[in-house]
Each structure stands twice: as C-alpha cells, then as structure tokens.
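Visitor: Produce the complete structure using the sequences and hints provided.
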Amino acid sequence: MLVYLIRRLLLLLPVFLAVSMVVFMIIHLVPGDPIDNMVQIGASPQQRAILVARYGLDQPLLVQYGVWLRNMLGGDMGDAIVMRQPVIDLIAENLPHSLRLGGLAFLFSTIVGITTGALAAVYKDSWIDRSVMTLILLGSTLPSFWLGLLLILLFAVQLEWFPVSGARTWTALVLPVLTIGLHGVALVSRVTRAAMLDVGRRDFVLMLHAKGLSHRRIQLQHVLRHALLPVATILSLRIGWIVGGAVTIEFVFARPGLGSLLITSLAQRDYPVVQGCLLMLAMAVMLGTLLGDLVQAAMDPRIREQLR
Amino acid sequence: MTGRIRTSALWRALRTWRGALSLGCLMLVALVAVLAPWVAPYAYDIQNLSATNQAPSQAHWLGTDEFGRDVLSRIIHGARTSLSVAMAAIGVSVLMGMCLGAAAAYFGGALDRAISAVVDLTWSFPEVLIALIFVAILGPGLYSTMIAISIAYLAQFSRLTRAQILAIKGETYVEAATSLGGGHLHIVFRHLLPNALTPVIVAGMLATGDAIILEATLGFFGLGVQPPKPSWGAMMASGTAQIFLAPWTIIGPGAAIALAVLSINQFGDALIEALDIRSRLRET
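If you're matching them up, the sequences are chains B and X in order.
One rule links them: number in this note's numbering = place in the first sequence (from 1) + 32.
One rule links them: number in this note's numbering = place in the second sequence (from 1) + 389.
Keep in mind that the hints were calculated from the coordinates and are not lab data.
Heads up, some of the hints might be wrong.
[To be verified] For each label pair, taking beta carbons as the anchor points, the in silico distance ranges come out as: (1) A499(X) with M239(B): 47 to 55 Å; (2) E662(X) with R116(B): 56 to 64 Å; (3) L34(B) with L417(X): 52 to 60 Å; (4) Q631(X) with R301(B): 48 to 56 Å; (5) E337(B) with E564(X): 32 to 40 Å; (6) A50(B) with H575(X): 28 to 36 Å.
[What the hints assert, rightly or not] Output of the computed footprint for chain X on chain B, the stretches with three or more beta carbons under 8 Å from beta carbons of chain X: (7) 128–139; (8) 270–276; (9) 289–298; (10) 303–317.
We put the beta carbon where it would ideally sit given N, CA and C, even for glycine.
Guide: The following block contains the structure:
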C-alpha cells in the first residue's frame with residue numbers, strides 16, 4: 033500500500049506542474065501588460081519596480097514561472113488588487129467554508145445515494161424503484177443553480193425554514209448541501225443500482241439462494257458489498273463534480289467560499305485572486321481524486337497490483 | 390448500407406413514446422428559437438418602466454422583469470443564444486476531439502502519449518472549472534463562452550474517438566485498405582472515422598444538453614453573453630436579486646433550460662437504446 037501511495041503521489045507531480053503552468057500563464061495571456069493586471073490604477077513607478085523585482089518580470093518566462101511557483105508554494109500568492117489584501121489571507125478566510133460545504137455534500141451524496149440505489153435494486157420494479165429512478169432523472173437533468181433557486185423560493189422565501197443566503201448559522205448549510213447533493217445522489221444511486229443488479233446475476237448469488245438465505249439478506253450482506261467497488265470508482269472519478277458544484281452553488285446562495293471568491297474576482301478582473309483560487313480548486317480536485325484512488329486501492333488488491 | 394441501418398435506428402427510437410415525445414419537445418424548442426422574432430409577443434429589449442415586476446397575466450404570460458420587459462419574449466429570444474452557443478461549441482468540440490482522438494489512436498507511440506496526457510489531464514477536472522479558466526483568459530462574452538465550452542468538453546470526445554478507433558484499427562478491412570496503398574488520411578477519414586462516428590455523435594448530442602447548462606451557468610455568473618442580449622442564465626441572475634418581488638423571473642428561464650436539457654437527454658437515451666451502443670459509449 034505504501035508503494036502504491038508513493039507511486040500515485042509521483043504521478044501527481046507532472047499534473048500539478050502542468051496545471052500550475054496554465055494558471056501562471058493566465059496573467060500573461062490576458063490582454064495588456066502583466067503588471068497592469070497586478071497593480072491598482074495609478075501605481076507609482078517605484079511600486080511597479082518592486083513588483084518587477086518580486087516576480088522577476090524582466091527575466092525569461094520560464095524563470096518567471098519558477099519564481100512564481102516558489103512564491104506560491106511558500107504561501108505568497110501576491111496581493112488582491114480590488115480587495116487590497118494578500119491573496120493568501122482571502123483564501124484562508126474562504127477555504128473552510130468551501131471544505132465544509134463540499135465535505136457535507138459529498139457525505140450526503142454517498143450515504144443517500146447508496147441507500148436509495150440499494151433500495152431500488154432490492155425492490156426492483158416496485159414503486160420504490162420507480163420513485164428512485166425519477167429522482168435520478170431529475171437529479172441528472174435539472175440545472176443545479178436553478179434547483180438551488182427553487183429550493184430558496186420554497187423553503188426560504190415561502191416557508192422561511194432556512195435563511196436565504198449567507199453562512200452565519202448551520203441551518204444555512206442545509207439548502208446548499210441538498211442542491212449539490214441531489215446531483216451526487218443521482219449519480220451514486222444509479223451506479224449502486226446498476227452494480228447491484230449486475231452482481232445479483234452472478235453464480236455465487238444463485239448459490240446463496242440455494243443455501244436458503246432470504247432475498248433481503250443476500251442483497252444487503254453479499255450483493256451490496258461487491259457492488260460498492262464500482263461505486264467507489266465513480267465517486268473517486270467524479271470528486272471534481274462536487275468541487276465544481278460547490279463553485280456554482282456558493283455563488284447562488286451568496287455564501288463565502290473559494291467559488292464565490294473566484295467568480296467575484298473574475299468579474300472584477302482581479303487576476304492574482306483568480307490565479308490563487310484556480311490553483312487551490314485544481315489542487316482540491318487532484319487531492320480528492322488521489323484520496324478516492326487510495327480508498328479504491330484499499331478495497332481492491334487488484335488495483336494495488338496494477339501499479340507495481 | 391450504414392446509412393440505411395442508422396435511419397432505421399432513428400425510426401426505432403421514434404417509435405418509443407419516450408423518443409417521440411422528447412424529439413417533439415426538442416423540435417418545438419428549436420422552432421421557437423429559429424422563429425423567435427415572429428413568435429415572441431414583444432421585443433426582448435423593450436422596457437416599460439411603468440409595468441416592472443408584474444406577475445403573470447393575460448398581457449404578459451410569464452410576467453415582466455425589473456425593467457418591465459416581457460419574460461416570455463426574453464426566454465424565446467434567449468433560446469436562440471443558448472441553443473446556438475451550445476450547438477456551435479459542441480460541434481467544434483466534437484470535430485477537434487475526433488481529430489485528436491483519431492490521430493492518437495491511429496499513429497500511436499509518442500504522439501498518442503502526448504495527446505492522451507493532455508486530454509487525461511483536462512478529463513479529471515470539472516467542466517465548469519476548465520471553462521472558467523478560459524473565460525478568465527479570454528474575458529467574458531459570447532465567443533469566449535463558446536470557446537471555453539468547446540475546450541471543456543474536448544477531452545470526452547477525444548477519449549471516445551480514440552477508444553473506438555483502437556477497437557477497429559486491427560480489422561481486416563483496414564489492413565486491406567493499407568495493403569492497397571491507401572494513405573494515412575484516406576484510411577482515417579474514409580475507413581476508420583465513419584465506423585467510429587455513431588457513438589461520438591450520440592455523445593455529442595448528450596453533451597449539448599450539458600453545454601446548455603454550462604452556458605447558463607456562465608451567464609448566471611455574468612461571464613457569458615452580455616446584456617441587453619437575453620440569455621437564460623443571465624435572466625436568472627438578475628431574477629435572483631428580485632427573488633422576493635418577482636420569483637417568476639427565475640422560474641421561467643430555469644424551466645426552459647430544464648425542458649431543453651430533459652428532452653435532449655431523453656432523446657439521446659432513446660437513440661442509444663435503438664442503436665444498441667451503450668457498451669461502446671462506456672469504453673471511455
């Protein structure tokens with residue numbers, strides 16, 4: 033397992049370099065001089081000179097990239113132009129909100145998704161199965177931000193059960209988690225159901241029936257166990273979805289978080305913040321995928337062998 | 390030969406109630422988009438400041454927005470933007486993805502490794518994030534939205550085409566074409582791609598639904614088509630500010646997106662069933 037972990041981490045290195053290079057290039061690809069994109073309007077020549085020295089802007093591009101990457105890794109992400117504070121502080125302020133929302137949405141999708149998927153498989157073709165299938169259909173087609181707005185309209189504006197926006201109390205988390213979660217639930221539930229039906233056709237299940245075990249016991253104790261493997265695969269492949277969902281939904285609910293910060297700074301053309309946010313979000317996706325792969329490898333020895 | 394098989398599959402898809410109903414809805418949405426200036430009861434940019442935020446009524450079926458503009462007319466005009474952006478972006482994405490995937494699979498070796506490395510890199514990131522990176526570079530607007538969306542979905546089509554071509558590359562008819570002296574371009578475009586096309590086209594169709602949502606998301610963030618041109622996402626964004634006053638400004642455009650995406654997904658699904666290519670689509 034340790035060998036697998038090390039190999040997997042080494043594989044992540046080139047990905048990280050490539051992503052950081054793209055993020056680095058943003059400031060050079062947008063129209064205009066990079067310094068103009070980094071300072072406030074009306075900055076003095078001295079201030080510009082300080083920036084040139086700090087980021088090595090008179091050096092070749094590759095050296096600049098090296099300086100930038102070293103600064104980034106050292107926690108110096110530059111200063112926000114519009115919000116006038118270090119980018120790292122802005123990120124430190126917003127990151128916990130995103131982690132909380134993303135983590136809860138992930139838990140919600142996993143637990144509810146596996147439960148509903150298993151129920152649908154055990155009681156196939158019953159009304160339970162049909163309602164789960166409808167849920168899956170809705171979850172995979174409704175645009176998530178519209179769903180979020182509908183939930184706000186119903187539960188916050190009409191019924192006044194939850195706050196409309198913000199992140200002051202824990203109740204403010206309920207609607208965003210539900211909104212991101214429905215997509216995840218649809219995905220996990222569909223995979224669980226399909227995998228359980230697939231496993232249910234194998235010989236060992238027939239054998240268990242022959243032994244006289246009850247249908248429900250076979251499904252829940254034996255079939256579900258085997259079906260969890262493809263579920264883990266799809267979850268680890270699609271962790272990025274949760275991150276992407278969080279970006280959108282934070283903005284809908286006007287919650288603080290990396291996604292809201294990214295979109296606000298994009299609209300304000302505050303490029304140092306944009307770069308910092310994109311890098312953090314990309315790292316979140318990469319680490320999430322890594323975590324998913326590790327869980328999968330822990331569950332399935334065949335995967336560990338593959339990378340030997 | 391293949392043409393006949395595909396037409397009959399289309400008929401098979403249409404004979405199921407799901408296929409017929411979804412294609413019907415889809416045609417309706419498309420027709421409304423094409424005929425927007427003639428079917429919309431009002432112009433999309435005519436303001437009436439004495440009738441702002443009015444609830445749905447006989448004169449305004451879906452109410453009016455904060456400038457007194459007719460919501461229904463704006464949805465109808467917005468259909469043009471949403472559908473054309475999504476279709477153009479996915480069209481470009483499918484074309485580029487097919488070329489990349491075909492080149493990777495056909496030539497193999499270092500080229501395959503280079504293309505696959507880049508493609509797999511973008512594959513693991515959510516489409517919203519990729520689109521946001523490119524909008525950051527290109528700036529907000531109609532064309533950057535199109536480009537951003539087409540790049541966001543590129544990986545999917547490239548991977549799918551690559552898998553299809555790898556599966557048929559070793560077939561006898563390809564060998565025969567090679568031994569008859571067919572050039573690389575001839576073999577790829579005349580023999581390989583036509584046989585790999587069906588799943589890629591269907592995947593492209595399904596992705597158009599996702600692209601409509603992505604376009605609306607970018608519009609919702611204020612990074613898509615700029616006002617006064619209506620787009621479904623931007624309409625909902627301005628509606629959010631009025632959520633207490635005029636909830637219909639959110640419900641209408643969202644329902645339009647849901648209808649378009651639902652009918653695309655259902656029709657795509659019916660096509661997959663009729664063509665029996667579900668396993669081929671899963672190869673990526």
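Visitor: Could you run down the list of hints and mark each one as holding or not?
Guide: Right, here's what the structure says about each hint:
Taken as a hint, the range 47 to 55 Å holds for the pair A499(X) and M239(B), whose Cβ atoms sit roughly 49 Å apart. Checked against the hint of 56 to 64 Å, the C-beta distance between E662(X) and R116(B) comes to roughly 57 Å, which is consistent with it. Take L34(B) and L417(X): their Cβ atoms lie about 59 Å apart, and the range 52 to 60 Å holds. Under the hint 48 to 56 Å, the C-beta atoms of Q631(X) and R301(B), about 27 Å apart, miss the expected range.
Checking the proposed 32 to 40 Å range against E337(B) and E564(X) shows it holds: the Cβ atoms sit about 35 Å from each other. As the Cβ distance of A50(B) to H575(X) is approximately 35 Å, the hint placing it in 28 to 36 Å holds. For the segment 128–139 of chain B, the proposed coverage by chain X is not satisfied: 0 residues have a C-beta within less than 8 Å of a C-beta in that chain, short of the threshold of three. Counting residues of the segment 270–276 of chain B whose C-beta sits closer than 8 Å to any C-beta of chain X gives 4, which meets the bar of three, so the coverage hint holds.
Coverage of a stretch by a chain is defined here by at least three residues with a beta carbon nearer than 8 Å to that chain's beta carbons; for the segment 289–298 of chain B and chain X the count is 3, and the condition holds. Counting residues of the segment 303–317 of chain B whose beta carbon lies closer than 8 Å to any beta carbon of chain X gives 6, which meets the minimum of three for the stated coverage.
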